[in-house]
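Build the full structure now, drawing on both the sequences and the hints.
Protein chains: 2
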Amino acid sequence: MGKVDLRTLAARLNLSMSTVSRALGDKQDIGASTKKRVLKLARELNYQPNAHAAGLRHRKSKTIGVVVPEIANNFFSLVIDGIHEVAHASGYHVLVYLTHESLHKEINIARHIQNGRVDGLLISISSETVNVDHLREVRNAGLPIVFFDRVSNEMKIPCVTTNDYESAVEATHHLLDAGCKNIVYFSLSHNLSINGKRMKGYLDALRRRKSSASTILQGGNVHEENVNHMIRLLSGKERPDGVFACVEELAIATYEACAHLGLQIPRDVKVICFSNMRVAPLLNPSLTTVRQPALEIGKEAAATLVGLIESNKKSDPGQVKKVIKSDLIERRSTAIV
Amino acid sequence: MGKVDLRTLAARLNLSMSTVSRALGDKQDIGASTKKRVLKLARELNYQPNAHAAGLRHRKSKTIGVVVPEIANNFFSLVIDGIHEVAHASGYHVLVYLTHESLHKEINIARHIQNGRVDGLLISISSETVNVDHLREVRNAGLPIVFFDRVSNEMKIPCVTTNDYESAVEATHHLLDAGCKNIVYFSLSHNLSINGKRMKGYLDALRRRKSSASTILQGGNVHEENVNHMIRLLSGKERPDGVFACVEELAIATYEACAHLGLQIPRDVKVICFSNMRVAPLLNPSLTTVRQPALEIGKEAAATLVGLIESNKKSDPGQVKKVIKSDLIERRSTAIV
Numbered sequence: 010m011g012k013v014d015l016r017t018l019a020a021r022l023n024l025s026m027s028t029v030s031r032a033l034g035d036k037q038d039i040g041a042s043t044k045k046r047v048l049k050l051a052r053e054l055n056y057q058p059n060a061h062a063a064g065l066r067h068r069k070s071k072t073i074g075v076v077v078p079e080i081a082n083n084f085f086s087l088v089i090d091g092i093h094e095v096a097h098a099s100g101y102h103v104l105v106y107l108t109h110e111s112l113h114k115e116i117n118i119a120r121h122i123q124n125g126r127v128d129g130l131l132i133s134i135s136s137e138t139v140n141v142d143h144l145r146e147v148r149n150a151g152l153p154i155v156f157f158d159r160v161s162n163e164m165k166i167p168c169v170t171t172n173d174y175e176s177a178v179e180a181t182h183h184l185l186d187a188g189c190k191n192i193v194y195f196s197l198s199h200n201l202s203i204n205g206k207r208m209k210g211y212l213d214a215l216r217r218r219k220s221s222a223s224t225i226l227q228g229g230n231v232h233e234e235n236v237n238h239m240i241r242l243l244s245g246k247e248r249p250d251g252v253f254a255c256v257e258e259l260a261i262a263t264y265e266a267c268a269h270l271g272l273q274i275p276r277d278v279k280v281i282c283f284s285n286m287r288v289a290p291l292l293n294p295s296l297t298t299v300r301q302p303a304l305e306i307g308k309e310a311a312a313t314l315v316g317l318i319e320s321n322k323k324s325d326p327g328q329v330k331k332v333i334k335s336d337l338i339e340r341r342s343t344a345i346v
Numbered sequence: 010m011g012k013v014d015l016r017t018l019a020a021r022l023n024l025s026m027s028t029v030s031r032a033l034g035d036k037q038d039i040g041a042s043t044k045k046r047v048l049k050l051a052r053e054l055n056y057q058p059n060a061h062a063a064g065l066r067h068r069k070s071k072t073i074g075v076v077v078p079e080i081a082n083n084f085f086s087l088v089i090d091g092i093h094e095v096a097h098a099s100g101y102h103v104l105v106y107l108t109h110e111s112l113h114k115e116i117n118i119a120r121h122i123q124n125g126r127v128d129g130l131l132i133s134i135s136s137e138t139v140n141v142d143h144l145r146e147v148r149n150a151g152l153p154i155v156f157f158d159r160v161s162n163e164m165k166i167p168c169v170t171t172n173d174y175e176s177a178v179e180a181t182h183h184l185l186d187a188g189c190k191n192i193v194y195f196s197l198s199h200n201l202s203i204n205g206k207r208m209k210g211y212l213d214a215l216r217r218r219k220s221s222a223s224t225i226l227q228g229g230n231v232h233e234e235n236v237n238h239m240i241r242l243l244s245g246k247e248r249p250d251g252v253f254a255c256v257e258e259l260a261i262a263t264y265e266a267c268a269h270l271g272l273q274i275p276r277d278v279k280v281i282c283f284s285n286m287r288v289a290p291l292l293n294p295s296l297t298t299v300r301q302p303a304l305e306i307g308k309e310a311a312a313t314l315v316g317l318i319e320s321n322k323k324s325d326p327g328q329v330k331k332v333i334k335s336d337l338i339e340r341r342s343t344a345i346v
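Protein sequence lines, in the order shown, are assigned to chains A and B.
Last residue of the first sequence: 346 (the numbering used here), numbering continuous.
Last residue of the second sequence: 346 (the numbering used here), numbering continuous.
No incorrect hints appear here.
The list treats identical chains as one, so a pair stands whether inside a single copy or across any two.
In silico EDC-like pairs for lysine to aspartate or glutamate, Cα to Cα no more than 20 Å straight-line: (1) Lys49 <-> Glu146; (2) Lys114 <-> Asp90; (3) Lys114 <-> Glu94; (4) Lys219 <-> Glu175.
No wet-lab data here; the hints were simulated from the structure.
Structure, rendered in C-alpha cells:
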C-alpha cells in the first residue's frame, strides 16, 4: 500500500477532504460519529500527517539543529547524548551537522537551516571560525542559538562551557608539583575560545610560580603532522619534561611520539590533557585527564535552547554564561618516579 | 530584520506575490528585467525558500535519517562520518537518531519519520529488536531503507555489513595459535545479527580444530555488570586463558576485570575483540583487534540509499548484500609470552 494521506481517507469514507481534516483536527463542527469513523480508519491505516504541511501551519519543526566539528571524539559524542536526552524528553528531534573544522561548511549549514528545518541551533564553532556573520543571519531569521564548548565572544548569546581557564591553571600546577621544569603547551587553533582560555591558564600558572620560559607547540587537524611536530620538539635540545595537551587528540599524538623515540611516560615526559576518553585508565601508562562534564554540557545547552524556543520571546536573552566545572583525575602519566 | 519571505520581497518591489514566486521559479511568463530585479533583491536580503513549502512541492526533504544504538562508540561515529561524506556530496542532510538499544525508542522514531521528514532510512537495529513491523510500516509508507552492521533477516532489503563470520573464525584461530586452551566468547544480545555470526564463527572454529568445550559469557548494556560477570568467570575454577569479545565495550570490561584480579594480559589471559578504537595501540597492553571498515560501511550504505531515493523505483530492490572485509591487527594482548 502506498502513502496514506487525507485523500485516501476521504475516498475510503466517502467524505470530503475538508471534513476528514476537520475531524482529525477535532473541530467542533463535525458530528461525533463522523469523527469516530475518521479516527478509526486513520489508526487502522497508520495515517501520519504530512510534516511539511504541519510545519507550515504551526511554524515549528520541533527539531533542534546541532553543529559540531566532529563526532569521532568522546567529548562531542557525549555532549550529543546529553542533548538527545533533554530534546527527546521535550518532544524535539535532533538534526546533527558536522563541519569537520571547515568554516565553509559551517556557513553552508547556517544558510541551509534558516528555512524552517529547525527551531533553533546549538553550535560549537569550527577552528576556522572568526567572523560569525553567518550566525548573525541565523539569529536575524528569528532562530535562537546557544553556544557550547567553543564559543564566540562576537555574539552576546547564551553559552554553556566548562571552567577552561581555572582547570588549565590546575593542570599546569599539577605538572609543576610533579617536578616538571620545562612544560610545553600543545595548542589547538588560536581562534578557538577553549584554546585561548586553556593557554592563558597555562601561562598565568607558570608566571605565578615564577617558572622558566613557556613553550607553545602549535597542533592542527592532521594527526600525522601533530605526531611529527612533537617528535621534532622532543628530539631537540632542552627537551620538555611535561606536556599539557589542549585536547585528547594531541595527547594521543604525544604518546605516539614518545613511543617512536623510546621515551618513557612518566619517567622522561609527563602528560596531561583535557579529555573524556573512556579508556584513559587503560592506556600505557594510564592518562591523567581534566575530565569535562560533557553529558551535563549537552543537557544544559539543550534545556537552554528549548526554553528560548518555547518562551517565543522576541527580546534578546543576552549573554547568559553557564559554566560547569571539570575534574582533574590523576593517573600514572603524571606520576613522580 | 525579521524573516524574509515572498511577502517581504513583493512589498519591497511593489509586485504581486505570485509574480515574485514565478520570477524566482524562472517561469517563462515573466519579463527578464522583472526577474532580474526580483533575484537581485532576494540575494541582497538573503531570501531562503521555506523548507516546508518546498517539501510540499517537491515531495522531497533532501534529508536522510540515520538510526543507531549509540554514538559514544568509535564504530558508529566513524560510520556516521562516512554517511555524512556521501550524503553531503549528494546534497542530502543527515538526521541522526539514537535508540540507546531500546526497541520502544526505535518504534517511536520509525513512526515519527514517516511524515515527510526524511526521504529514506539507514538503520543499525537495537539489541532488543526482533520483530520489525515498525520498519515494514516505514517501507509501506514508500521510504527506502538500508540496513548496516546490525541487520534483520526478516526484511529482504539492501544491507551493508562486514564479514563477521569469517573474521570471527580468524580471531578464534588466532587465539588457538597463541596457545589458548580455554577460550570464552563474551557475547552481546543473542538477538543481534552481528553477535549471531561472530558466535557461530567462534563455535565453528573451535569445532574445526577439535578444541575443548566452548564457553559463552553473556554481556549486556550495563558496563559495571559486564565487569562483574567477567570477574566472576575469571575467579572460578578452570579459568579461561583467552577472551574473544564481540565488541570493544566487552574488551574494556575484560581489561578492567583483569586489573581488578591482578591478572596479566597476555600472560594469564589473552584478549581479542572487534573494535575501531583509535587508541587500541596505546592500551596497556596494546589490544589485538578485528578492525571493521566503519567509514566504508557508512559511505556504501549512504550511496545505496541515495541511489534508491533518486531512482524513485517502486519495484523492490531485494536483499542486495554488500560485505566489506575487516582486518585482524595483531598486538600485544594476544602475544605468546
